[in-house]
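Enquirer: Just add 1 to the spot in the sequence shown (first one is 1) and you have my numbering.
Treat the hints loosely; a few may be bogus.
[Stated by the list, open to error] As a list, the in silico DSBU-like pairs of lysine-lysine whose alpha-carbon atoms are at most 30 angstroms apart:
#, residue 1, residue 2
1, 141, 123
2, 116, 128
3, 103, 116
It should be emphasised that the hints constitute simulated quantities derived from the structure, not laboratory data.
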Amino acid sequence: KAAASAYATISKIGYPWMPRPILSKEGRIWWRNGQYCYSLQQYVGQSPDKHIFKFDDDYLPQLGKALRELHGISLPKSLGRRLQQENYIPPHHNNVNTFIKKLNDSRLKKHQDLKAVYIQNKAAILKLQHQVLAKGQELKAMSLPLILVHSDVHPFNLLRSHNNFYLIDWDSCRMAHKENDLMYFDDRQINLLSEGYGEDLLKNHTAIEYYRLWLKTRDINYFGYLLALKGQNQKIRARGLQAFQEICENL
């Protein structure tokens with residue numbers, strides 16, 4: 002609900018890199034149905050040659066400008082406090098520990114293919130779990146202010162429309178550090194983003210490294226634990242296992 006309220010506030014400010022919401026009859030930007038919040042947005046006609054924005058180099062300076070403007074938005078303090086706050090421990094860290102514990106259990110007879118991948122990469126996974134906590138504490142010690150971030154800036158959340166693009170899927174927005182929005186980009190791409198954002202995007206290497214580790218733990222949780230181990234059917238588990246193996250190869 003807090004993320005939906007933040008989305009509404011950002012829209013009212015007139016942030017140009019998000020689709021315009023369509024108000025309900027009661028004049029609301031979003032409404033609640035059970036545990037989910039919904040909104041209607043104006044249709045964005047996508048370029049016929051590229052359905053999904055691919056982080057093309059030509060667009061990265063413009064995306065950097067969009068992120069700079071987003072990170073400069075000051076939410077009402079009461080709303081900012083309701084959003085998820087960076088606490089320097091990835092929210093999926095405990096799930097990964099549970100995942101490790103289950104795969105270490107000798108009584109686990111199923112998922113032997115998953116267990117084999119885990120055993121082969123066990124040292125790297127345990128090292129990752131340690132590194133992300135250590136780097137998080139290093140970042141925390143800097144005592145930097147938290148700002149509004151989208152927290153899920155990847156190609157599937159960017160709609161490309163001719164010479165423009167729009168950020169969608171704001172349900173993960175939170176109060177963190179600007180580098181949270183850089184975790185899907187490599188160093189070369191961050192340099193291109195900085196052309197629109199400014200050179201201060203490049204300064205905090207500790208934060209960049211922390212959020213890259215943060216992303217890896219999230220992916221292990223999602224693909225390894227939630228899909229490969231707990232998936233409801235064989236197709237989902239097979240997809241999770243393949244992705245988990247690819248993640249492990251890049252640890």
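Enquirer: Which hint numbers does the structure go against, in order from smallest to largest?
Expert: Result: no hint breaks.
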